[in-house]
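Asker: Sequences listed follow chains A and B, in order. Each residue of the first sequence is one higher than the one before, counting from 172 in the numbering used here. Each residue of the second sequence is one higher than the one before, counting from 2 in the numbering used here.
Incorrect hints may have been included.
Cross-link-like lysine-lysine pairs, in silico, DSSO-like; alpha carbons within 27 angstroms at most [what the hints assert, rightly or not]:
id	chain 1	residue 1	chain 2	residue 2
1	A	Lys192	B	Lys315
2	A	Lys192	B	Lys278
3	B	Lys585	A	Lys269
4	B	Lys541	A	Lys269
5	B	Lys500	A	Lys238
6	A	Lys265	B	Lys365
7	A	Lys238	B	Lys461
8	A	Lys192	B	Lys191
9	A	Lys192	B	Lys266
10	A	Lys238	B	Lys278
11	A	Lys265	B	Lys470
12	B	Lys252	A	Lys238
13	B	Lys531	B	Lys483
14	B	Lys561	A	Lys318
15	A	Lys277	A	Lys238
16	A	Lys238	B	Lys301
17	B	Lys541	A	Lys318
Calculated Cβ distances over 12 angstroms to all of chain A for the following chain B residues [what the hints assert, rightly or not]:
id	residue
18	Gly77
19	Glu80
20	Glu106
21	Pro111
22	Pro153
23	Gly170
24	Leu177
25	Lys342
26	Pro409
27	Ala425
28	Leu495
29	Lys531
30	Gly533
31	Lys582
32	Cys583
Label pairs and their calculated CB-CB ranges [as the list claims (entries may be wrong)]:
id	chain 1	residue 1	chain 2	residue 2	range
33	A	Lys280	B	Asn267	52 to 62 angstroms
34	A	Lys247	B	Glu134	23 to 33 angstroms
35	B	Lys261	A	Pro212	37 to 47 angstroms
36	B	Leu599	A	Glu321	31 to 41 angstroms
Think of the hints as simulated: they come from the structure by calculation, not from any bench. A virtual CB, placed ideally from N, CA and C, is assigned to each residue, including glycine.
Take a look at the letters that make up each chain.
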Amino acid sequence: MNLNVDETIGHIKEAISVSEKNRGVLIYTLQRVQQEMNYLPDHAMKMISEKLGIPLSDVYSTASFYKQFYFTPRGKKIVKVCTGTACHVRGASKVMEKLESEFDIKEGKTTPDLSMTLETVGCIGCCGLAPVATVNEYIVGEIDSAKIEEIIEAIKAE
Amino acid sequence: MPAKKPTKTSGIKDLVIRVCVGTGGLAAGSQEVIDEFGRQLKSYGIKADILKKCVNKTGCRGFCAKDVLVDVILNGKSETYQLITPENVARIVEEHILKGEPVKEWLVGPEYHAFHDKQTKILLKECGHIDPEDINAYINIGGYEAVRKIFPLETFEVIEEVRASGLRGRGGAGFLTGLKWDLCSKAEGKPKYIICNADEGDPGAFMDRSVIEGNPHSVIEGMIIGGYAIGANYGYVYIRAEYPLAIHRLKIAIADARKKGFIGKNILKSGFDFDIKIKEGAGAFICGEETALIASIEGKRGMPKAKPPFPAYKGLWGKPTVINNVETLANLPSIITKGAKWFASIGTEKSKGTKVFALTGKIKNTGLIEVPMGISLKEIIYDIGGGCERNRKFKAVQTGGPSGGCIPASHIDMPVDYESLMGAGSMMGSGGMVVMDDTTCMVDMAKFFLTFTQNESCGKCTPCRIGTKRMLEILTRITEGKGKEGDIELLLELGNDIKLSSLCGLGMSAPNPVLSTIKFFRDEYEAHIKEGVCPATVCKALRRYTVSAELCKMCGKCFKACPSAAVTWEKKQPAVIDKTKCIKCGACYEACPFSAIL
Ligand SMILES: Cc1cc2nc3c(=O)[nH]c(=O)nc-3n(C[C@H](O)[C@H](O)[C@H](O)COP(=O)(O)O)c2cc1C
Ligand code: FES
Numbered sequence: 172m173n174l175n176v177d178e179t180i181g182h183i184k185e186a187i188s189v190s191e192k193n194r195g196v197l198i199y200t201l202q203r204v205q206q207e208m209n210y211l212p213d214h215a216m217k218m219i220s221e222k223l224g225i226p227l228s229d230v231y232s233t234a235s236f237y238k239q240f241y242f243t244p245r246g247k248k249i250v251k252v253c254t255g256t257a258c259h260v261r262g263a264s265k266v267m268e269k270l271e272s273e274f275d276i277k278e279g280k281t282t283p284d285l286s287m288t289l290e291t292v293g294c295i296g297c298c299g300l301a302p303v304a305t306v307n308e309y310i311v312g313e314i315d316s317a318k319i320e321e322i323i324e325a326i327k328a329e
Numbered sequence: 002m003p004a005k006k007p008t009k010t011s012g013i014k015d016l017v018i019r020v021c022v023g024t025g026g027l028a029a030g031s032q033e034v035i036d037e038f039g040r041q042l043k044s045y046g047i048k049a050d051i052l053k054k055c056v057n058k059t060g061c062r063g064f065c066a067k068d069v070l071v072d073v074i075l076n077g078k079s080e081t082y083q084l085i086t087p088e089n090v091a092r093i094v095e096e097h098i099l100k101g102e103p104v105k106e107w108l109v110g111p112e113y114h115a116f117h118d119k120q121t122k123i124l125l126k127e128c129g130h131i132d133p134e135d136i137n138a139y140i141n142i143g144g145y146e147a148v149r150k151i152f153p154l155e156t157f158e159v160i161e162e163v164r165a166s167g168l169r170g171r172g173g174a175g176f177l178t179g180l181k182w183d184l185c186s187k188a189e190g191k192p193k194y195i196i197c198n199a200d201e202g203d204p205g206a207f208m209d210r211s212v213i214e215g216n217p218h219s220v221i222e223g224m225i226i227g228g229y230a231i232g233a234n235y236g237y238v239y240i241r242a243e244y245p246l247a248i249h250r251l252k253i254a255i256a257d258a259r260k261k262g263f264i265g266k267n268i269l270k271s272g273f274d275f276d277i278k279i280k281e282g283a284g285a286f287i288c289g290e291e292t293a294l295i296a297s298i299e300g301k302r303g304m305p306k307a308k309p310p311f312p313a314y315k316g317l318w319g320k321p322t323v324i325n326n327v328e329t330l331a332n333l334p335s336i337i338t339k340g341a342k343w344f345a346s347i348g349t350e351k352s353k354g355t356k357v358f359a360l361t362g363k364i365k366n367t368g369l370i371e372v373p374m375g376i377s378l379k380e381i382i383y384d385i386g387g388g389c390e391r392n393r394k395f396k397a398v399q400t401g402g403p404s405g406g407c408i409p410a411s412h413i414d415m416p417v418d419y420e421s422l423m424g425a426g427s428m429m430g431s432g433g434m435v436v437m438d439d440t441t442c443m444v445d446m447a448k449f450f451l452t453f454t455q456n457e458s459c460g461k462c463t464p465c466r467i468g469t470k471r472m473l474e475i476l477t478r479i480t481e482g483k484g485k486e487g488d489i490e491l492l493l494e495l496g497n498d499i500k501l502s503s504l505c506g507l508g509m510s511a512p513n514p515v516l517s518t519i520k521f522f523r524d525e526y527e528a529h530i531k532e533g534v535c536p537a538t539v540c541k542a543l544r545r546y547t548v549s550a551e552l553c554k555m556c557g558k559c560f561k562a563c564p565s566a567a568v569t570w571e572k573k574q575p576a577v578i579d580k581t582k583c584i585k586c587g588a589c590y591e592a593c594p595f596s597a598i599l
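So that you can see chain B by itself, here it is in the shape it has in the complex:
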């Protein structure tokens, strides 16, 4: 390297550089970016903290589409660069760090700001900013203050504070947390238990995992608060075995909290004992349901029981038990330290605080977002999500995962809160949000979710075990072009019966995706059944496999892809598909870069 001219570095009092590091080797060259910053700064003799952030690509800023992201925080002023490669580093160091002039064209654009401006972060605020494996990092930002604060209070005062905050369960049903605690604290029987539900089985959701991976102590602190309030000395975290990193971090966090005396005997000399154990799930979606979860901890088949009795009265080993979701618990430390009033000032009349959603599907900015309750779907999808991929037309969004329903584009101004979502035939659920555009077939989507729930049905009650199977058979035949007149009515009847007669929440909600897609997209079902057409051309058996002469660019890719010599094509001629030879395998359809095959 040629010798650098001595440059004035005295203007740099405080310099921090933060680089986003993705899942092992995935993020394009973030380690190289870090190394390059190290080399460049060293050559100028500048001292700086170079930090890695977003170590697991979740729980951070959730803007992974623009990796590698780099924050340069110079004398307290922060600027963020996007899509940075090692080649960009020299210029950033020279112009921004030495001369104080940020490289404008590489700074994040308006969409980055839109992505953040509409969000309100309580739970994700620290995720990606503190080291989740260092308890001191959490303590330095005011962690475990809430635990100190509750011990001088009577337990009913703690419950009252939580009730006044209006916090509702984030695990699905939205039950008032303060009320649940109150019931359990008054229930007879000892010992009592508090369980953190981290089973997160919704296939498209990773909020709980991110909170645990990004800030495990907030969950532990929430459990201590809950344990104290209801009089439980034992806590369990029931966590999915598919989340090894979350389990690892939680173990470290529990051990550290025990060392510091936040859990164990006589916590902070308050006379209160509390200990936490981790239970790994064994792979069953139904174990997210609270009574099934209890059965699983007890070492039994994870099958739900009829309620009542509710776990608050008769739960784990027949003792009063509170089960709360990860996100619910992680909200508690801030509620205690900042007060119920502060929390209740965010959100709507009946839905307080924020909610974390996993925004996925056919949307530009996928990732984790945290928004105040009551924000409109439109703001989420367009301002935060940036609209659909490739600017396609937004069609619907599925909330609540396999238990929820789809909400069509016509309802886009709807506020996102518990009641509005319920009213639209969906639910808040745990927070999966799957965006669909005009290339998504609604019948196929409904079939996807029902396949999941049918697979996960524990088999205890007949409506769910057999009813969902029959529904799935009908859906399958519709997508295969064998639908019959009256199938839609049959689906509606079956769906409503299953909802009414199932034992647990799984069966009661399993028909929702089907019922809501019929409600809003009945025409698509009818097109499948009556005309034998899949309007989104997703259902393979219903594709016509003809080439649109207008769209065809005569590239010949379909000709090469066809395994049964059904395509005839010559240079500068549009392709033609011979229906008698076509086996409807879809190879040409996949191969066509111009969507010219219908």
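Next up, chain A with everything else stripped away, as it sits in the complex:
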């Protein structure tokens, strides 16, 4: 795991103190670690705490504040159903219900075989295509029953 994040803060490192600098890269470090490991395991959290000189409780306190961080492993396919205003008005809840019942998991959870994680997201900026969901990086818009089936099949194919 690469925790050498000093250079990424660029010129700004000259202007602030060491402890502020360590604190300043904390969230970035968490993001990097999660990107690499797909979630934040305990041992990584301990390592971050030691390397940056920030108490472990404090590292957890910060990480748990943000929705982006996870402390349990996540699925291979991450499905995020947009529940923004436009998607809400155009039936996002039906999309959610269908996926929940198909995979027998609740929002925010991962299937036991780690094939997929089901989440919601607030407006991803494609309201014109509502209702919208993302499957990993891929955006699926104007979801109707046929498109839900496509999503389901794509996940099951994994």
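Add chain B with the ligands to chain A, keeping to what the hints say.
Answerer: Below, chain B with the ligands without anything else, positioned relative to chain A:
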């Protein structure tokens, strides 16, 4: 392909074809249209530039309802076609390009012109027209001229110019940008920082994302101008992690600007140093609030602080900091190059310039629009938006997202500016505009927004943490048909208390959607509570589930959909629902194509 007769192509001096390309594979066959144009033109031996535009379906013309849109620009004269398929291409080439006679019946109709004629584009002008990943494209249209222009000036002169333009913050509160800069430039402490707020968390808004994706350099240039004016050498862009394309383009733009010497040390030999870093958010709506945003950049929990001290005096790492919204910053290059007078000539007395709105909800033309301040709601909804979907009755529009309020149809002539919106109990906010028709339940809508804010409450102050929770409980029971006498009064009392006593803007504005819907649609609340009816038939628990014999077309879809055998139906007979067996699941209601189930 049969050999084509040689045709005169000498009349074609300059031909550009632009095709709208939507998000990966979504736009119906735009790539096929492009390929077909390529084939056809080649067979005639005609040279043309075939360009893709609107690569991400936002930030362009915002008229995505009529895809695939094609511009044919022949010898400088532009015509736009709508709903084009590959089969249409041959005729366009033959009649329009070779004979100079556009195919009239496929040209965009009056609604396309209405959509554009009422708009004034400053920020979105170049979006979709220039390649956002090519700095030269931006420079060719006069980009970075403003940076050249400010360096000979004293910093106070730059601030004065911005103040004279009357530009107000587009991030919500509408604070005068020139004044904010002035305060920060005079504040003591070094170094100073400028932060671009691109956290755009309003669930129904994508203006900032589109500006960054469509024209990232305008934001960077705005930051350089701001940095110079207040004396900051460091800039941050705090951007939502959910916007990967925007982040990608911003990274390219910053790297290119550094290569060209617009950021870095001693910019254009002016002696001014400036550098920009991107900070990705980690998923918290509250981090759009400026003090919470600062805490987040510092690596802490993103919780807001009491103001004062304002960030202009004590901001990032305790140093003077200016935080501006993306749209605010993107306005600056034009203000500097075209002058404060020009900018101040657009808009109303107190609200200058244009505002970008994300027009969504139950409206015909959804999309991004840019209008001069002071335009009426009516012009936005009917002329630009084309009215409600399926010509339903317009009921209300929510502005300002979860912090704003709804404005009812009776106020449709109201001008859209900061003061008028405030006066109506809503706010400008970041620019989400959600249109509702008579099939929208206002109690449900208020509940939707409050669910959002309650979820995003950071928990630091009690009124917001617990107050919004109690309000949500009351709203939930009303929508479930368990509302009590006195609930409306309780909501009003709680709402006003939360507004007065919360720590930050989130709590201070969270009750707005509830308060404004009670103000204008109290009868709907009362119908839920007293009569147990949801007038828009949205709240499931309050639907009666009876079949209207008049509307029923006897198709039997409800019969097939019912999971509990509560529907009896035979061919050529209207369906009947047995109340004792009905579990109120709503399956029949969804299945009915004729809205015959009440
Ligand atoms: C809960 C909350 C969320 C906010 N979210 C945003 C946001 O997403 N983008 C933004 O520019 N401003 C947001 N603001 C407003 C900022 O606090 C700040 O006023 C603004 O960025 C200042 O920039 P401006 O003067 O250019 O408008 C939010 C405020 C609150 C209270
Ligand atoms: S509300 Fe779903 S994309 Fe905007």
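Asker: Compare the structure with each hint and give your call.
Answerer: Status of the hints after comparison with the structure:
no., hint, result
1, A/Lys192 / B/Lys315, "holds, 18 angstroms"
2, A/Lys192 / B/Lys278, "holds, 14 angstroms"
3, B/Lys585 / A/Lys269, "holds, 18 angstroms"
4, B/Lys541 / A/Lys269, "holds, 17 angstroms"
5, B/Lys500 / A/Lys238, "holds, 26 angstroms"
6, A/Lys265 / B/Lys365, "holds, 22 angstroms"
7, A/Lys238 / B/Lys461, "holds, 17 angstroms"
8, A/Lys192 / B/Lys191, "holds, 16 angstroms"
9, A/Lys192 / B/Lys266, "holds, 22 angstroms"
10, A/Lys238 / B/Lys278, "holds, 23 angstroms"
11, A/Lys265 / B/Lys470, "holds, 25 angstroms"
12, B/Lys252 / A/Lys238, "holds, 24 angstroms"
13, B/Lys531 / B/Lys483, "holds, 10 angstroms"
14, B/Lys561 / A/Lys318, "holds, 22 angstroms"
15, A/Lys277 / A/Lys238, "holds, 16 angstroms"
16, A/Lys238 / B/Lys301, "holds, 14 angstroms"
17, B/Lys541 / A/Lys318, "holds, 25 angstroms"
18, Gly77, "holds, 31 angstroms"
19, Glu80, "holds, 24 angstroms"
20, Glu106, "holds, 25 angstroms"
21, Pro111, "holds, 21 angstroms"
22, Pro153, "holds, 25 angstroms"
23, Gly170, "holds, 21 angstroms"
24, Leu177, "holds, 28 angstroms"
25, Lys342, "holds, 34 angstroms"
26, Pro409, "holds, 17 angstroms"
27, Ala425, "holds, 19 angstroms"
28, Leu495, "holds, 23 angstroms"
29, Lys531, "holds, 27 angstroms"
30, Gly533, "holds, 22 angstroms"
31, Lys582, "holds, 22 angstroms"
32, Cys583, "holds, 19 angstroms"
33, A/Lys280 / B/Asn267: 52 to 62 angstroms, "holds, 54 angstroms"
34, A/Lys247 / B/Glu134: 23 to 33 angstroms, "holds, 30 angstroms"
35, B/Lys261 / A/Pro212: 37 to 47 angstroms, "holds, 43 angstroms"
36, B/Leu599 / A/Glu321: 31 to 41 angstroms, "holds, 34 angstroms"
The structure meets every hint from the earlier list without exception.
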